[in-house]
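Asks: Sequences are here, hints too, so could you generate the full structure?
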Amino acid sequence: GAVVSQHPSWVICKSGTSVKIECRSLDFQATTMFWYRQFPKQSLMLMATSNEGSKATYEQGVEKDKFLINHASLTLSTLTVTSAHPEDSSFYICSAVLRARVTDTQYFGPGTRLTVL
Amino acid sequence: DQQVKQNSPSLSVQEGRISILNCDYTNSMFDYFLWYKKYPAEGPTFLISISSIKDKNEDGRFTVFLNKSAKHLSLHIVPSQPGDSAVYFCAASSYGQNFVFGPGTRLSVLP
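Protein chains in written order, with the numbering used here: chain A, 1 to 117; chain B, 1 to 111.
One thing to keep in mind: the hints can contain errors.
[Said to hold, decoys possible] Now the in silico label distances, taken between C-beta atoms and shown as ranges:
1) Glu15/B / Lys41/A: 23 to 33 angstroms
2) Gln3/B / Lys41/A: 17 to 27 angstroms
3) Glu63/A / Pro79/B: 12 to 22 angstroms
4) Glu15/B / Glu87/A: 25 to 35 angstroms
5) Ile18/B / Lys64/A: 37 to 47 angstroms
6) Ser5/A / Pro103/B: 19 to 29 angstroms
7) Glu58/B / Lys64/A: 35 to 45 angstroms
[What the hints assert, rightly or not] Keeping only pairs whose Cα atoms sit at most 27 angstroms apart, straight-line, the calculated DSS-like set for lysine-lysine is:
8) Lys5/B / Lys41/A
9) Lys37/B / Lys41/A
10) Lys5/B / Lys68/B
11) Lys41/A / Lys66/A
12) Lys5/B / Lys54/B
I should point out that these hints are in silico values taken from the structure, not numbers from a laboratory.
For clarity, every value in this text was computed on a predicted model and none was experimentally measured.
For each residue, glycine too, the CB sits at the ideal point set by N, CA and C.
Replies: Here it is, written out as structure tokens:
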């Protein structure tokens with residue numbers, strides 16, 4: 001299947017600093033990528049839709065100035081958590097959409113564990 | 001209002017038996033359905049999908065059934081193995097946009 005990577009897989013940072021997470025589709029081009037957040041024992045929460053070459057679309061309640069998304073190429077989207085605080089500690093997962101003639105399928109990255117001290 | 005529902009938060013099955021995971025949806029515009037498996041601290045893994053023009057799709061031990069009139073789909077795993085223990089998410093999309101995920105069902109396969 002299609003492969004999506006995330007980097008870093010785990011990051012610990014101090015409160016007030018910014019952290020950048022990269023999401024790459026390794027063997028296909030993705031015009032659309034998604035960013036999710038998962039809290040312990042909860043389902044995936046869609047944060048935003050990242051479209052190559054345009055501004056991301058954020059879900060209600062997600063601060064776009066805090067979670068900066070850049071989809072600069074067809075294989076790379078980045079999520080920057082600005083001025084991180086302990087409540088931003090979470091598991092962040094990206095996905096990339098592989099578009100086929102008939103159907104589109106999301107493939108997920110392995111996730112990034114963010115811990116803000 | 002949840003558009004995709006997985007009413008069983010958890011399910012336990014004996015190894016070797018069949019696991020049946022259910023999913024219901026409300027939006028009749030959904031035309032493509034997917035199942036993902038997720039282990040703790042990992043991203044979801046795509047398992048199997050089905051288009052709304054079909055009512056069954058099979059891949060090895062995994063079979064997905066779609067009942068459009070009932071807006072219901074199910075994932076059958078047979079025979080179940082301990083390594084199948086994970087959280088399973090049902091997802092739906094329309095025209096490749098707006099993937100909507102269910103809350104997940106935690107499957108435990110007991111040896």
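Asks: Quick one: which hint numbers does this structure break? Sort them smallest to largest.
Replies: Per hint list: 3 and 4 violated.
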